[in-house]
Amino acid sequence: LAKTTQPISMDSYEGQEVNITCSHNNIATNDYITWYQQFPSQGPRFIIQGYKTKVTNEVASLFIPADRKSSTLSLPRVSLSDTAVYYCLVGDINTDKLIFGTGTRLQVFP
Amino acid sequence: NAGVMQNPRHLVRRRGQEARLRCSPMKGHSHVYWYRQLPEEGLKFMVYLQKENIIDESGMPKERFSAEFPKEGPSILRIQQVVRGDSAAYFCASSFKDGNTIYFGEGSWLTVV
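Residue numbers (our numbering), protein chains in the order written: chain A, 1 to 110; chain B, 1 to 113.
Derived from the structure by calculation, the hints contain no laboratory data. Since this is a predicted model, take the numbers as computed values, not measurements. Among the clues, some could well be false.
Cross-link-like lysine-lysine pairs, in silico, PhoX-like; alpha carbons within 25 Å at most [to be verified]:
hint	chain 1	residue 1	chain 2	residue 2
1	B	K27	A	K97
2	A	K69	B	K62
3	B	K27	B	K51
4	B	K62	B	K27
5	B	K71	B	K51
6	A	K97	B	K44
7	B	K71	B	K97
8	B	K62	B	K51
9	A	K97	A	K69
10	B	K62	A	K52
11	A	K3	B	K27
12	A	K54	A	K3
13	A	K54	B	K27
14	B	K27	A	K52
15	A	K52	A	K3
16	B	K27	B	K97
17	B	K44	B	K97
18	A	K69	A	K3
19	B	K71	B	K27
20	A	K3	B	K51
21	A	K69	B	K71
22	B	K44	B	K62
23	A	K97	A	K3
24	A	K69	A	K54
25	A	K69	A	K52
26	A	K52	A	K97
Label pairs and their computed distance ranges (CB to CB) [stated by the list, open to error]:
hint	chain 1	residue 1	chain 2	residue 2	range
27	A	T72	B	T101	40 to 48 Å
28	B	K44	A	N19	22 to 30 Å
29	B	E68	A	N25	20 to 28 Å
30	B	K62	A	E14	33 to 41 Å
The beta-carbon is built from N, C-alpha and C at its ideal position, and this holds for glycine as well.
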């Protein structure tokens, strides 16, 4: 199982871009990189998933370098409602379970 | 399309009672996962099931905990003779058979008094 390492916490202000980097040095060939967002008392919410290069949706962008040993979740122009814990997961659910790390606690200030 | 549905959302049990948590996967999903989250901690994998099969139960406590996903009906996580340490949020997730993404329900909060 590919282990992930993320910063424990990050602070930002409204309107700023936030980049959260996740390290996964032993990622396997078939592994995908998936990010979830979790608010208190709620289930994790899927944000974005990628395999390589760049993926963008209406919520975020995911940057994955060629060696795939890290990935960066980019949240453009954060608001107070983006305050949450963000989890980076690496794995192939067709062969193994997804393991959650400790996540990154993002605090957005006005 | 309805998401992953879990019930009850909140459950209170006295020590020694049984707790049953139910999970209906998203439409078309045949794989179910259960995770547990203690207060202020991350999610811990418990069990992974397909219809009528337990694929991986490496995260399940050896005693008092069981899970099933019958051919018909929701997946059930059953905790017998609950103790205070079982108090936690239990999250269910589901996926397609050959999918790459799992989607979570809103969780069931178990409180043991």
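Comparing the hints with the structure gives:
no., hint, verdict
1, B:K27 with A:K97, "holds (21 Å)"
2, A:K69 with B:K62, "violated (35 Å)"
3, B:K27 with B:K51, "holds (14 Å)"
4, B:K62 with B:K27, "violated (31 Å)"
5, B:K71 with B:K51, "holds (6 Å)"
6, A:K97 with B:K44, "holds (11 Å)"
7, B:K71 with B:K97, "holds (15 Å)"
8, B:K62 with B:K51, "holds (22 Å)"
9, A:K97 with A:K69, "holds (19 Å)"
10, B:K62 with A:K52, "violated (39 Å)"
11, A:K3 with B:K27, "violated (31 Å)"
12, A:K54 with A:K3, "holds (21 Å)"
13, A:K54 with B:K27, "violated (29 Å)"
14, B:K27 with A:K52, "violated (29 Å)"
15, A:K52 with A:K3, "holds (18 Å)"
16, B:K27 with B:K97, "holds (12 Å)"
17, B:K44 with B:K97, "holds (22 Å)"
18, A:K69 with A:K3, "holds (11 Å)"
19, B:K71 with B:K27, "holds (14 Å)"
20, A:K3 with B:K51, "violated (29 Å)"
21, A:K69 with B:K71, "violated (40 Å)"
22, B:K44 with B:K62, "holds (15 Å)"
23, A:K97 with A:K3, "holds (12 Å)"
24, A:K69 with A:K54, "holds (14 Å)"
25, A:K69 with A:K52, "holds (10 Å)"
26, A:K52 with A:K97, "holds (21 Å)"
27, A:T72 with B:T101: 40 to 48 Å, "violated (19 Å)"
28, B:K44 with A:N19: 22 to 30 Å, "holds (28 Å)"
29, B:E68 with A:N25: 20 to 28 Å, "violated (37 Å)"
30, B:K62 with A:E14: 33 to 41 Å, "violated (48 Å)"
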